[in-house]
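First to last, the sequence lines map onto chains A and B.
When we follow the working numbering, the leftmost residue of the first sequence carries the number 54, and every step to the right adds one.
When we follow the working numbering, the leftmost residue of the second sequence carries the number 14, and every step to the right adds one.
Hints listed in this document are in silico derivations from the structure and should not be mistaken for laboratory results.
Keep in mind the model is a prediction, meaning the values are calculated, not measured.
We treat Cβ as the ideally placed atom computed from N, Cα and C, and that holds for glycine.
Just to be clear, a hint being listed does not mean it is correct.
Computed Cβ-Cβ distance ranges for the label pairs, DEER-style [as the list claims (entries may be wrong)]:
#: 1; chain 1: B; residue 1: Asn373; chain 2: A; residue 2: Ala244; range: 27 to 37 Å
#: 2; chain 1: B; residue 1: Lys261; chain 2: A; residue 2: Asn574; range: 52 to 62 Å
#: 3; chain 1: A; residue 1: Ser861; chain 2: B; residue 2: Asp271; range: 16 to 26 Å
#: 4; chain 1: A; residue 1: Phe529; chain 2: B; residue 2: Ala473; range: 54 to 64 Å
#: 5; chain 1: B; residue 1: Pro246; chain 2: A; residue 2: Ala813; range: 29 to 39 Å
#: 6; chain 1: A; residue 1: Ala547; chain 2: B; residue 2: Lys401; range: 33 to 43 Å
#: 7; chain 1: A; residue 1: Gln568; chain 2: B; residue 2: Pro525; range: 26 to 36 Å
#: 8; chain 1: A; residue 1: Thr856; chain 2: B; residue 2: Lys261; range: 33 to 43 Å
#: 9; chain 1: B; residue 1: Asn373; chain 2: A; residue 2: Glu196; range: 57 to 67 Å
#: 10; chain 1: B; residue 1: Leu250; chain 2: A; residue 2: Ala250; range: 31 to 41 Å
#: 11; chain 1: A; residue 1: Ala562; chain 2: B; residue 2: Asp271; range: 51 to 61 Å
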Amino acid sequence: MKKNSALFPRIALLAMSGALASWVAAADTGTPVITGISAEPGRVTLGFAPYPATVEYQIERADALGQPYRPDTTGFLDGFGWTGLSSAPGDGFFRVNARVLTPDALLATTLLQRIAYGPSPDDLARVRAIGPDAYIAEQLAPETITEDIDSAVITPSWRKVTVTGTGSSSSLYIYLDGAGEVYLDDIRLVAGAVDDAAKANLLRGGDFETTLGSNWILSPNVAGSALTPDEAHGGSLSMHVVSVGAGSSQSTAVYQSVAPALNAATTYTLSYWYFTSQTVTAKLTVRLSGSGITSTHGLGGAVDSPAPIFAKLKDGSATMTDLRAWHLLHAIQSRKQLTEVLRQFWENHFVTDYSKTRDYFDNAGLATDAAGRVATQLESKENLRWRAAMSDPKATFHDMLKISAESPAMIIYLDTINSKGSGTSIANENYARELCELFSFGVDNGYDQADIVQISRVWTGWSIRLVDPAQEFNPFAFVTTNYLDPNAITNKTAVTNLVGAWSFNYKAANHNTAQKKIFFNHDAKGVVTTPKLVPARFGPPWAGRDYSLTIPAGTGNPTLQEGYKLLGHMADQPFTQEFLSVKLCRLFVHDGFAIGYDFTDAETTPEEELVHACMLAWESPSNGGPKGQLREVLRTIFNSALFRSDAASLQKVKTPLEFVASAMRALRARRDDGSYTVSTDGREIQPVMDRLGRMRLFDRMEPDGYPEDAAAWISAGTLAERIRFVQAALMPAGRTGKSDVGASTQTDPVGLLRIKAPEAMRDAGKVADYFLDLLFPAEGKANLAAFRSIAVAFLDTADDGTTTSAFSALAPGTSAYDLRLRGMVALLMATQRFQEQ
Amino acid sequence: MNVINRRSFLSHASALGLGTALSTLTDIPFVLQRALAEGSIGITGADGRAKKLIFIFLRGANDGLNAVVPFGDPSYGPPNRKNILIEKDPGQPFDARGKALFPVSGQTTPTFDYTSGLPLGNGFAALHPALKFLAPVYNAGDLALIHRVGYPKQSRSHFDSQNYWETGSPNSNLVKDGLLYRAMIESGLAHSSPLTGVSIGSSLPLILRGSKAAMTNLSDPTRYNLLAVPNTPQGNLKADAALAAANKAQFTGKRDRDLLALQYGNLASTLDIFAQLDFSETGNTFVDDEATDGDLPYSLFPTTNAKNGGFARANNAQKYVVPTSAYGFFLNLKAASLVLNKTSALVAGTSIDGWDTHSNQGAATGSQANLLRRIGWAVYALRKYFTKYADKCRWDDLVIVTLSEFGRTTIENSDNGTDHAEANVMFVAGGGVKGLETDALGTVKRSGVFNCGGSSDPIAWQTGQNGSMFQSTGRYLKRNTDYRSVLGKLIRDHLGATQTQLDRIIPGYTDPKESLKARGVQTRDGTEVIGEPDIV
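Chain B extracted, bound-state conformation (with noise of 0.2 Å):
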């Protein structure tokens, strides 16, 4: 789409006086916007691949201290948490030793049946044992843990946070659209390339939604195909073919008709690349390029209980690596997943739901350990197909990233629950993620996780009854960084945004009383932030 150089657009802008410094390109004719806008969002490199975004949206609020769980803290335990507690194992070293220790030495499966905390090689914290498999993932130094993120003034309401959180705009109802959908707008490609952000799940959600662009949602991506009556295989060509000629016929000038065009284009070429792909059950074919569990290589999307982990091998649910309520969920992430490396679009994401766990939370096992199986084995299998299969996105290309609107009580409730609470864990993956570091010899050079290591972190994490644990409220955990500070980092360094179009994505990004690009203040609850963690 295309047609114009950008750079060769712009210099011909700014000799006839055109400018460049637009606060919205929404006003400009489409097949120019990409021309004008700024950054290189969505500019493809020398190999034809540009950098793409995943996220997915732990809806209800994930319990980030039995996460990644700050055993260094002695105030994680009974009787803070003494039904829910993730034990750590006294048979295992727990040393600052660099890499997380996996697999666990002497299982005879490795990756099953783990029942206490990984070590994550930092001498403080650990991962939940149905975190295992993001354990390669950080030991290849792919994955950067952030603990204690939140904003100021945390609302403790699923229904304000989830917005704060997907409108990048805490506390504030000034701005009305989503984060993601403005990175989009920046681009300039919203309104001239197929597909740029998209969502699989029921709805498109806030973080992709606004008034000047459709972003695209797939509910069901089979369903992306052109019905046709009376929906026979022939039948629905010949309606095709006939829309086709259609579209092609000559009207009088109105003032949604080249959008409309351009989108029945989009539409057109979209339907051609999803064509080719095979959304269905028998084009889930990916599977992992190295056996597992010693057993044979594991599907990379468990969609069927013969496509769970080593279940067709050994016909057992106990080599299950998902749980198998999770089906649905790998459905969604392969589809984000195709769609990203298949197509032109740039963001796509989808959400988990069931994550407020008030009641029955468990521990190494139960409800949040079985939703934790999800994200474990999705950023895993994320790492493959993006290796193994990767067409038009790399692993390096790509960037993984979980939201949950706030974190939960420190304390568990006499329902062997957790409350909602504020700051939380935000897990960050990618080839180009800066995480754990080694050199040579194994010594490490930095850690991949962050803020959670104690009094070696930047802001430390101070332990015991009065520690960070409990600085918020008395009951909370208290952060020390900010959400926007992640996502500004990742939209600006990864996906190619200016400082200045950061500044319209996230507004107030470079508003010192925030202090969401370098360590500070912020004023509005008088907390100390590290600003933007280095973590692309």
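The following block holds chain A by itself, in its conformation from the complex (with noise of 0.2 Å):
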């Protein structure tokens, strides 16, 4: 038996007074409980209680006390109750045993519900190969995880599309909306609903072997078009269209008319295959007069790949739907799942929001578009930043903390972009009181009024300005020279005329230059007395520690230094250990921290231990670098005993970005010829983010950051959306309801069984066993009976809910076959259960 599917008995006791009618339950706490049980002479009939990761419950009776328990197989489990006929119904002892998953197997799914966006079938299998600790060791060491999506060049392939819709026009058309030219082959037309190899191909010469003939017809914008053996996908040759200009109908078009007739209330599913192209930029579109089927791409090959999007991020031309696609993208594709999750939280901690970077450059003078673009370069430098900084072994808070005190979009959104402390001028306080009280120390947690006034004076002059990209990372460069229009007479200094990087940059003239005296006490009148101290509660090594800082008053550019000398000194007090740790636990542990606990009394819980155990290794880490190391907080985290438990497993609800990433990945598979059994472009999906609670990522208004709780984001009308949500992306082509995720967004369970349990593929409970072990890994095989059997039962009735229909009668490539096993894929995922982590 492999290591990672072994399996231990627990066991709970139930003791039996003598008498038949006063059974008492006397639970053993931590095992399975029985809460109730009957006996009448030749029958005993026990209830018990779920017990968490069970895959098998043993019911064992002794006759006596002192005798040994022997597994009962009189009776039957049904859920949890348990009939037996025992011949003997006098005096008896039964207990429950529960197998649970063993520690290695509960934590593997702990780690793909929480270091990743979900499991997928193929990171499932492979941690549970490489074993739970080998993956947690593999995913904080980013920089050794080789990934090339960003960068991938994808070679020109035979790429398939299939579309389903129904007959409006028997008349076929095929072209391109712009000059170009495309290779296809082996177009296929045939009634229902799924490419049905088995059936006829309705058009004539679909497999491009034979002289175009009467079959095909060439319009003038497309005489150019022939057969070619340059490329073929099946067969040796295939169809080179050729077009010299935008096509939109038969006269601008290849096509044929297709006889005999289709009929308009007849449901037909249309296939081909194009050879991908990265240099044609025109759209192909094959379509039914009527567009009862119509399929639209552009040839690139690869709506999933965030390579282009990548690449338009570089170069400034990226929109806030394609920094939230290649965001979306990352998450359901990325190896580096951790750093992910991670990019998000710290995105998420120091909050920035979208529309208010846009609004500020469109009211200085760029147009919406324009401003949109530079707002979301902002949005996409930090989180590269962080990235970046993330795959550094030694990577601290501090670095975090400082990118975001860096980024134009913080400086913008919390206004210390025009904050004075220059003369009689009073300073703005937001970006003051967030550092305290939302990136750094937590909610009252350490300062008070006073602190954030004094504060807010360090960020006077921390403002933006547009240089030239070679001084972006120069706080003190002047306006950029590079003009647009060189020889502009009038506004050649327009922003609209410069190029160049908005960039931090520091305006010493707006400077508070008198003396800060930050984290001291105040006496009655607001005189400073004495320095603050950390409080008792906090106990050794901190208790009692001077945290205060004064800096002293001081003029010009090197006052820019004090901004970075209190970071650094913000960045490792115990407050902001202890904020910063009850985050991270929130995110992977569960909801159920707190800032505030005292570290000295004898009151003590398992949260609270964690969250000291984080402070010490964030204090004095174990390799003897500098404070605040991530990898050292999170190690202590993932290797802790509450992390690896049942007081983890499933204790979260997903986010509206959790929910969308993880039903993605739920279904995701590598096909051997390296595509994939889900796709989505990213941005087709961004607006059920919207609907599931308005989740508009890098566009949060308030400064809080979204939040972790289930609390925050259930509710029965964003649960509406999100059972929408698998419905829609369980969706086939074609059907109403796919609009919903776009019909870049596809799924294909029959391609995932195919691949990862074929022989299960006729046989429904073990299609269902396969799904529930997918969907659920961490629940328990025993624990989801009542699921297995409402998905059976679904998989053998028809669609009318009522008529007995066998699935193992259905064939796999028939439409019914797809359509019955996308429906109950979607119905376990619509499940309260599909909301967890």
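These two chains come separately, so use the hints to put the complex back together.
Right under this line is the structure:
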């Protein structure tokens, strides 16, 4: 037996008194509890509470105290009940055994739910194979993971497109929406909702192996099209469509009149192969007149590749939709899953607001779309910096904090941009307050209003400027002198005529030059008295430490250092250690962590102890390096008994981002040809996250970031949208409701079964078992019995909900099989249990 | 859901020493939150109905001076407002006669083609002609028009000012969640009732957002059903039944499983509720109980040309009651009305964009007029709907309130528009609203116009070039009422919050420096305000 599937028993006891009428359940806490028992001659019935992560329940019986327990095989289990047909109904003792997942098996599922965006079929198999500790080690060192999804050169290859619809007309058109060329092959049109290989092709000459003849007519626009041996998918020839201009209908298309005529009320499936191209920008359309069946797409052949978006992020041409798509595609696809989870954590912890940034540049004179691109780039840059920083093995919280403070998006968002402390000006307190409350110490944790006033003066002068790109990281650079039109006479220096990078820029003239005494106590008149000391509740080594900071008066550019000095000072204070440890524990373990534990009193909980352990790892890293190393803290969490126990497993609800990404990942397996059983362009599923409670990435208006806890996201209305999302994601192309997720979002559960469980395909029970293990790997098979019977019943029932229709009688590859399976998988993903992680 | 009688629980709780002064209800088991909550937000009366509220956010900042027009101030007029002027009809009486002049005599089509301001009967103020349908509501005593509303140190940024209106905490980012969200948390029902706060629009607005409970947004109420593969009627029923069976499955306890079970239950019950509601166009059969125009009873929610005023009869776009661009808003308003009238929801709201009239604002007609026509008909129609079609919410149970982030400049700009300014108008309507009151002889006992009555106002409207319209930074109408006083009054005296709850819903409500409850000076900028207007 492989290590990862080894199981061990746990024991529960039921003491039974002599009289049949007075069964008493004496529960041993932490084991399956018998909740009721009754007996009559020849029959014993008992019920018990579900036990976490149980693979199998077993009832044992001892005839008397002191006698050995032996499995009672006289009865049968039904869910969490058992009926035994005992031949000796007299005195007896019963207990329930639970065979549970091994610690490694349980940890593997928790890891994929927390340090990754949910299990994927491939990752689940992989983590079970390499073991959870190897996965932790790998994910904590993302620099050791090879990944090229942002740089992948997409080699031209044949891609298949399948689209289902109705026979709106008998004229089929093929055209490009601009000048260009494309190779097409093996185009088929069949009746039904799937490309059923057994069905006859309703198109003539669809294999493009014989002359075009009268089968395919070339309109003038595409008169240069011809069969060619240059590329071929099946056989030796393909159709080379050459278009000199935009096509839109029969008169500008390669077309065929299908005979006999199609029926407008009938469902058909169109499929074809095209050869991808990275150079042709025109889009290909293949459709029926009347658009009952329509397929339009670019020829890049990689709708789900983040590489083209990454190129746009780098050159500044990306829109917010692009950035969100890139973020989602990384969450779904990246092997550096922990890095992606943490990048979202930092993005959300140091929250900024795309809309406010865009408005700023709009007001500064840029057109709305240009303003949007600049705002997108600023979001993108801070995220790329966090990601790069995390690849340093000794990256610290201080590093993350500095990146945020220097980000123009933050400088705009929390109003340091125009903050002045010079002369009689009063500094804007916005950033100072959130730096304390939300970014480092945590609310009401070690600071007061007087500190905020002092800190706000430190940040006066932190502004932004459009500088020469070479000067991007010079905070004293002047405005760029690269002009779009160097000869412009009027408005030569308008932002619309400047080429450069919007960068952090220090304006010493705005700075408050006075001495700042931060983290001091004050008397009733507001006069500084004594330094603040770390409260006693922190215990050693922190309690009683003087954490005050005096910044002497200063002038000119050197005063920039005041901000850096303050960040360095605050980054490793016990308040920051506590607040960030609590937030990371909430992210990875469960939501029930708080700030304010008394680390010195006798009362403690596993949660308090874990926070304390994180703080110690922060304060005194085992590698002797700097304080605040993220990997030291994360390792402490991942190695903790709490994280590895049932107290963490499935104890959180997915945020909208986690829900969408995990649903895509759950069904995404790699096919032999390198394609995947799930694809999405990342753009069309963004509106879903808005409907799930307005989780607009990079665009949180409130500075506290999107919440982690369930109550913030789960309501009847948002659940309706969550369910609609998984149903739309499983909907075959072309059906009503698919538009919720867009045509680019495709799932193929049949294809998944073909790869992962081909032997199960004709057996409803085995199919159910495969998906239950994939979607709910931490629940334990025995606890999923009810779901299993519901899933099997669903598979064995026709769409009308009443007629028995054995799944085993449906042939894989048929429309009926495909729809039945899709419906069952969508049902499982619509349940309460799929909301959890 | 309320299995425990609240008051009996409270007596038990105090006997057990649990106390009732909870600063937050969110750490209490969900089913007990209502039982432990103070006040009566969401508590149904003997008739089974609770008090409810509809909010309409006029995003972009409505020009209040052209909505409730201060004709009594000679500064209202050229040259300050030349191209955007609402005319005063010299042929109509403009005295303190009590009721608004409606319909204007001598008009053949009494509700159409008004080109000048409608005198409101207080001898000072008039309605923009596009708001003419407010007049019957006003005359019924169900409308309060509150002028000069703002807050200390008014921000003229849309972003900041909308934030402040929605969080209830001006010039501060101490409060990060929504004002009505907090009211719903205080009700104790946010986790146990299927619906409490609902918005209809593209996404949940800040006023209903917060981190402890998810309010509901319906971007499209016709979406409120569970899609299922393969999306056939019988197939969807099959999937719904399977999901219902799955909901009954027993599992081990986990932290969020009670919440999930509760909200899946709420989903099932709201699906049932919504399944009986018809949000579709064919379900839009709600019509007026009178022939508005001597024509025929009009549709209350104009969502198509045929349902827009007298068009169906006259086949004449002149008979539209709202612009054709208003159908989306009325679709949302209809959904909000159905939700309040047919479900347990307590608060519902939507918004209208486009009020940022920096250029070509128009006067009696034009872009602002087209937006105001929506408001006029909306309030008129809601009164009719919640009277004629009342189910879980009667007109007497409802308050409608409009929000808008700031007013616009007293003086028009060179683009025939107005720029960001300060104080503004709020519209508050409902059966329980204290609007116009006259005695049997028609003598006015109370006007429905607040703060736009000239010298009779508690803090007088000072007229002329140094008057109220120029008293803030020399360019802006000066406030004499804080928006929080209006919303606070409604939340406490209409929805049923206790004063203690209100102090949590609107932080600093009883701070003497804020003067929100009673007349006084707001010390942040030294402006005197009236405290709470007596509107409910």
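Looking only at beta-carbon atoms, does the pair proline 246 of chain B, alanine 813 of chain A fall within the given range of 29 to 39 Å?
31 Å, holds
Between phenylalanine 529 of chain A and alanine 473 of chain B, does the C-beta distance stay in 54 to 64 Å?
Holds: the Cβ-Cβ distance is about 55 Å, inside 54 to 64 Å.
Is 16 to 26 Å a correct range for the gap between the Cβ atoms of serine 861 of chain A and aspartate 271 of chain B?
For aspartate 271 of chain B against serine 861 of chain A, whose Cβ atoms are near 39 Å apart, the range 16 to 26 Å is violated.
Okay, lysine 261 of chain B versus asparagine 574 of chain A on CB: inside 52 to 62 Å?
59 Å, holds
Is 33 to 43 Å right for how far apart the beta carbons of alanine 547 of chain A and lysine 401 of chain B are?
With a Cβ separation near 59 Å, alanine 547 of chain A and lysine 401 of chain B fall outside 33 to 43 Å, so the hint is violated.
Hint says 31 to 41 Å; check whether the CB-CB distance for leucine 250 of chain B and alanine 250 of chain A agrees.
32 Å, holds
Beta-carbon spacing of asparagine 373 of chain B to alanine 244 of chain A - inside the hinted bounds 27 to 37 Å or not
Between asparagine 373 of chain B and alanine 244 of chain A, where Cβ atoms are some 57 Å apart, the hint is violated.
Could you see if the CB distance from threonine 856 of chain A to lysine 261 of chain B stays within 33 to 43 Å?
23 Å, violated
For the range 57 to 67 Å, tell me whether the beta carbons of asparagine 373 of chain B and glutamate 196 of chain A fit it or not.
58 Å, holds
Between the beta carbons of alanine 562 of chain A and aspartate 271 of chain B, is the distance compatible with 51 to 61 Å?
58 Å, holds
Using the C-beta atoms of glutamine 568 of chain A and proline 525 of chain B, is the stated range 26 to 36 Å upheld?
For glutamine 568 of chain A and proline 525 of chain B the Cβ distance comes to about 35 Å; the hint holds.
Hint violations for this structure: numbers 1, 3, 6, 8, all remaining hints satisfied.
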